[in-house]
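With the hints as your guide, set chain B onto chain A.
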Amino acid sequence: MVEFSTILAGFGDAFSLYNLAFVLFGVVLGQFVGAVPGIGPIMAMAIAIPFTFGLDPLPAIAFLVGVNKGGLVGGAVPAVLMNTPGTPDAAATALDGYPLAKQGKPLKATKMALFSSITGDTFSDIVLITVSAPLAVLALKMGPIEVVALMIFAFSILAGLIGNSLTKGIIAAAFGLLAASVGQDPENFTPRLIFGYWDLFDGLALPSVAIGMLAISEILHRLSEAHGNMRPTIIAKDTGNPDDRRVTWAEYWSCRFTMLRGATIGTILGALPGIGSTAAAFMSYAMTKASSKDPGSFGKGNIQGIAASESANSAVVGANLIPLLTLGIPGSVGAALIISAFMIHGMQPGPLLFENQGRLVYGLFGAMIMANFVNLWVGQLGLRLWVKVVSAPESIIFSSALLLCFVGVSMATSGLFGVAIMLIFAVIGYLMASFGYSLVIFIIAFFLGPRFEKSIAQSLALTNGDLTQVLKSPVALALLILSVVSVVWFLRKNVQGEDE
Amino acid sequence: MKLTTKLMALATSAVMALAAPAFAEDWAPDGPLTIQIGFGAGGSTDTMGRVLAEVMKKNTGWNIVVENKPGGGGVAMFTGLSQRPVDNKTIGMGVSIPVLVQLVQRGDQLPFDTDSFDYLGTVAKAELALVASKDAPFDDLEGMIAYAKEQGSLPVATMAPPQVLMMNQTKSTTGADFNLVTADGGAEVMKLILGGQVMAGFGSGEHYPYLDSGDMKVIAGANQSRLSYAPDVKTFIESGVNAYVDPIFFLAMRAGTDPAAITAISAAIDEATKAPEFAKIVQNAVKGDPINMGTDGTKKMMVDGLANAKILFAK
Numbered sequence: 001m002v003e004f005s006t007i008l009a010g011f012g013d014a015f016s017l018y019n020l021a022f023v024l025f026g027v028v029l030g031q032f033v034g035a036v037p038g039i040g041p042i043m044a045m046a047i048a049i050p051f052t053f054g055l056d057p058l059p060a061i062a063f064l065v066g067v068n069k070g071g072l073v074g075g076a077v078p079a080v081l082m083n084t085p086g087t088p089d090a091a092a093t094a095l096d097g098y099p100l101a102k103q104g105k106p107l108k109a110t111k112m113a114l115f116s117s118i119t120g121d122t123f124s125d126i127v128l129i130t131v132s133a134p135l136a137v138l139a140l141k142m143g144p145i146e147v148v149a150l151m152i153f154a155f156s157i158l159a160g161l162i163g164n165s166l167t168k169g170i171i172a173a174a175f176g177l178l179a180a181s182v183g184q185d186p187e188n189f190t191p192r193l194i195f196g197y198w199d200l201f202d203g204l205a206l207p208s209v210a211i212g213m214l215a216i217s218e219i220l221h222r223l224s225e226a227h228g229n230m231r232p233t234i235i236a237k238d239t240g241n242p243d244d245r246r247v248t249w250a251e252y253w254s255c256r257f258t259m260l261r262g263a264t265i266g267t268i269l270g271a272l273p274g275i276g277s278t279a280a281a282f283m284s285y286a287m288t289k290a291s292s293k294d295p296g297s298f299g300k301g302n303i304q305g306i307a308a309s310e311s312a313n314s315a316v317v318g319a320n321l322i323p324l325l326t327l328g329i330p331g332s333v334g335a336a337l338i339i340s341a342f343m344i345h346g347m348q349p350g351p352l353l354f355e356n357q358g359r360l361v362y363g364l365f366g367a368m369i370m371a372n373f374v375n376l377w378v379g380q381l382g383l384r385l386w387v388k389v390v391s392a393p394e395s396i397i398f399s400s401a402l403l404l405c406f407v408g409v410s411m412a413t414s415g416l417f418g419v420a421i422m423l424i425f426a427v428i429g430y431l432m433a434s435f436g437y438s439l440v441i442f443i444i445a446f447f448l449g450p451r452f453e454k455s456i457a458q459s460l461a462l463t464n465g466d467l468t469q470v471l472k473s474p475v476a477l478a479l480l481i482l483s484v485v486s487v488v489w490f491l492r493k494n495v496q497g498e499d500e
Numbered sequence: 001m002k003l004t005t006k007l008m009a010l011a012t013s014a015v016m017a018l019a020a021p022a023f024a025e026d027w028a029p030d031g032p033l034t035i036q037i038g039f040g041a042g043g044s045t046d047t048m049g050r051v052l053a054e055v056m057k058k059n060t061g062w063n064i065v066v067e068n069k070p071g072g073g074g075v076a077m078f079t080g081l082s083q084r085p086v087d088n089k090t091i092g093m094g095v096s097i098p099v100l101v102q103l104v105q106r107g108d109q110l111p112f113d114t115d116s117f118d119y120l121g122t123v124a125k126a127e128l129a130l131v132a133s134k135d136a137p138f139d140d141l142e143g144m145i146a147y148a149k150e151q152g153s154l155p156v157a158t159m160a161p162p163q164v165l166m167m168n169q170t171k172s173t174t175g176a177d178f179n180l181v182t183a184d185g186g187a188e189v190m191k192l193i194l195g196g197q198v199m200a201g202f203g204s205g206e207h208y209p210y211l212d213s214g215d216m217k218v219i220a221g222a223n224q225s226r227l228s229y230a231p232d233v234k235t236f237i238e239s240g241v242n243a244y245v246d247p248i249f250f251l252a253m254r255a256g257t258d259p260a261a262i263t264a265i266s267a268a269i270d271e272a273t274k275a276p277e278f279a280k281i282v283q284n285a286v287k288g289d290p291i292n293m294g295t296d297g298t299k300k301m302m303v304d305g306l307a308n309a310k311i312l313f314a315k
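Those protein sequences? They're chains A and B, same order as listed.
Heads up: the first sequence begins at 1 in UniProt numbering, then just goes up one per residue.
Heads up: the second sequence begins at 1 in UniProt numbering, then just goes up one per residue.
Keep in mind the hints are simulated off the structure, nothing from the lab.
Hints may contain errors.
[Said to hold, decoys possible] Derived list of chain A stretches under chain B, where covered just means 3 residues or more per stretch with a C-beta under 8 Å from a C-beta of chain B: (1) 44-51; (2) 337-348; (3) 432-443.
By construction, the Cβ of each residue, glycine as well, lies at the ideal position given by its N, Cα and C atoms.
This is chain A alone, in the form it adopts within the complex (with noise of 0.2 Å):
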C-alpha cells in the first residue's frame, strides 16, 4: 500500500503551472489531430515521444496524456460535423451526433459529445485512481475462455445494430471477419489470403481500413450528390433559441444514466487489454438505443446516443491504464506508447511500480484529472471554431479532408500501399452504404476478429479441443447465455419494429 505522504508528494508534483503547460499542450495538440480527419491521436504521440527525452518524467508522460485524451474529444469533432469520424472509436458517435448537426444544431451536439466524453473519462480515472489493483487481479482471471464468451456477447449485443435486414447485417459481418483473417495466422504463423503482399503479412492495417471505410466512402458518397452546387458544409442555422447551441443542465442529466452505463462498459472493456474503444462505444450505444421508451428516435439526432457512445470511447482511455500500470500489460496502442515512454524514461511499469514509482504514479493521476479540467476548457473554445471552420463549402472542406486522409494514412501505415488499401476499403465501403449493408457492423467484426480468432486458438490448444471444459468456468457460461438472452431479444425487437 502506498502512503498517504506519497499520494501527496505526488498530487503535488502535478499541480505546478510548468505540468499544466504540458498538459495544455498535449490537449491542444491532441484535440486538433483528433479533429483532423487521418491523423489520430495515436499516431501524435508516436511521432511526440522523442520530443519527450530532454523532459523530466512527469511532464514527459503529462504531455502524453494529454495528447491521448485531447484527441478523443477530437475525433468526435469530424464524425458529428461530417459524419467522417476520425477515429472508428468515434463511428458511433456520428450515428445520432450528424443527424443532430444537420438539424442545425452542431454546437449542441458536439458539446454533448464533449460533455459525456469527459463525464466518461473522469468515471475511469476515478475508478483508475482508487480500486485499480483489485480491478487487475479480476482482469487476470478473465482467460481466453472467458474472453471468448465475452467476445461472443460483444457480437450479440451488436445485433441490436443489425437495423432491418437480418441477413444485411449477417454479410457485413462475415465480411469483417473474411478481412480480419487477413495475414498471418495466429495459430501457425502461415500467411493467408495475402496474395504475395507481404506488407499484408500482419493484417490490413487498421487506419486504411476505418478512415477508408468511414471517411473516405462518406466523402464520395457526398461528392456523388454535389452536382455542382456551391454549398457550405454544414448549416448551422440560428433558430433565435440558444438552447440550440448548448447542452442544457436538463438534457445533460437526462443522459445522467446513459453516461453511467457508457462509462461502466468503458471501463470493464479497458481493463481488458485488446477489446478496445470501438467495441465500447458500440455496445454502449446498443445497450442504450435497447432500453430507450424510443428507440425510433436513434439515428435521427437523439442526445442519447451521443452520450452512450463519447462516455463508452473515453472511459476505455482511462481503464487502459489500470492493466497498465498494475501489470505492465498495454490495453491499447495508446497505453503501448504510453509504456514505451515509460521504459525510455528508465521505469518498468508492473507489479513494483506503484511502490518504486508511487509518486511518480500519483502526479501521473494528477495530470490526468489535470487533462480532464483543461479538456473540457479547450473543447469549449476549440468547438466554436471547429464549427466555423466546417461552414466553408463543401468543395473546399472535403478536398482537404481528403487529402488530410491521404497523408494521415500513409503517415500511420508508413507508405502509399496503405493509402491503395483505404482507397480500395473506400470504394467497398461506398457500395456497401449504397446497397444498404452497414458498415459499422463491418468495422465492429472487422476489429474484434483477430482477437476473437486467436483467444479462440487459444482456448482451443488450453482445452485440447474440449468444449465442455467452458462449463468449467461460470463466468463465461454465463456470458455465453446472456448472449442468447440479448440474440433472442433483439431479434424480437427488430421483428416487432418492422410490424409497427
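Just chain B, lined up with the frame of chain A:
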C-alpha cells in the same frame, strides 16, 4: 556596400575553411536518413531504435526519421527494404531469429536472403527465458518435463514461431506433452501466467518486474549461454533439449549501398551504442549491455545463424 561584400566574402571563406575538413572526410546523407523498425510502436525494438536514432542525430547532426514497418517479425520490413532501389539512406532495424526462421521455413517464397543486405551492426542481444509463477510445482526444465508427464500435459504460452519450435523439440526429445498457447506478445504471456491459465511461458524482458517482485521464477534459459541475470538457471541445452535461440537486434541496408555510406553510418551507429543514454535504454529493454558486432561480425552472425537455424528449425 563594398565593405559589406568583402566582409561577407571573408566570413564565408572562414566558415568554409572551418567546415571543409569535416566534409572532406565524412560522408553525409543527401536528405534525411530513415530507420525502418520491423516491429510496431512501443516494443523493445522500437524503443531502442528511436533512442538510437536520437543519439545518432545528436552526434552527427543528420536528420533521421524513424518509421514503424511491422509485419511477420520484421519480414515485411526486410522484404520492402530488399525491393527498393539503393538510395544510401534507408536503414532497416530488426531481430535476427524471426527473419532466419522465416528464411528456413519459407525461404522460397521470400524475395530476399542474407546476401540481400549490407549489414551495419548490432545493438543488443535479447535474452529469452522460460518463466513460471512462483507457485508452480517445479523449479527447472527437467522438473517441468517430469510434471508434464505426470499430469498428461502442461499448458505453456509462447509468442513467436521459434519458441513453438523449441517446445516441439522438447516434446519430441522427452516425450512430455504441452498445450502450446500462442499469445500476442510477451505482455500477454505474463497475463496468462499470472491469471493461472498457463503454467509457464516465454518472456524476453516483460517478466523482469515479476522476478523483482517475487511473483515469478525462471525455469530455463532459451539462449545458447546462460541468462546474465540468472546464472544459476540451466539452459534448454543443459537440460537435454538441443535447441536455443539468440535473437540479436541488428541494422542493415540494401545490398549495393555506397561503401562510404556504410562506413559512415556504421561508425555513427557504433558511436551511438557507446553512449550512456543508449546503454540505459538497452539495460531497461533487455537487461544487458549494448553489443555491436560491427559490419563483418553482423554478416557472419546472420550467415552462421541461418546455417544453425536450418538444423534447429528444419521442417
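- Item | Verdict on chain B covering the segment 337-348 of chain A, criterion of 3 CB contacts below 8 Å | With 7 residues close enough to chain B, the hint holds.
- Message: Is the coverage entry for the segment 432-443 of chain A by chain B consistent with the three-residue Cβ rule at 8 Å?
- Response: violated (count 0)
- Message: For the segment 44-51 of chain A, count the residues whose Cβ lies under 8 Å from any Cβ of chain B; is that count three or more?
- Response: It holds: at least three residues are needed, and the segment 44-51 of chain A offers 3 whose Cβ sits within less than 8 Å of chain B.
Violated hint for the displayed structure: number 3, the only one.
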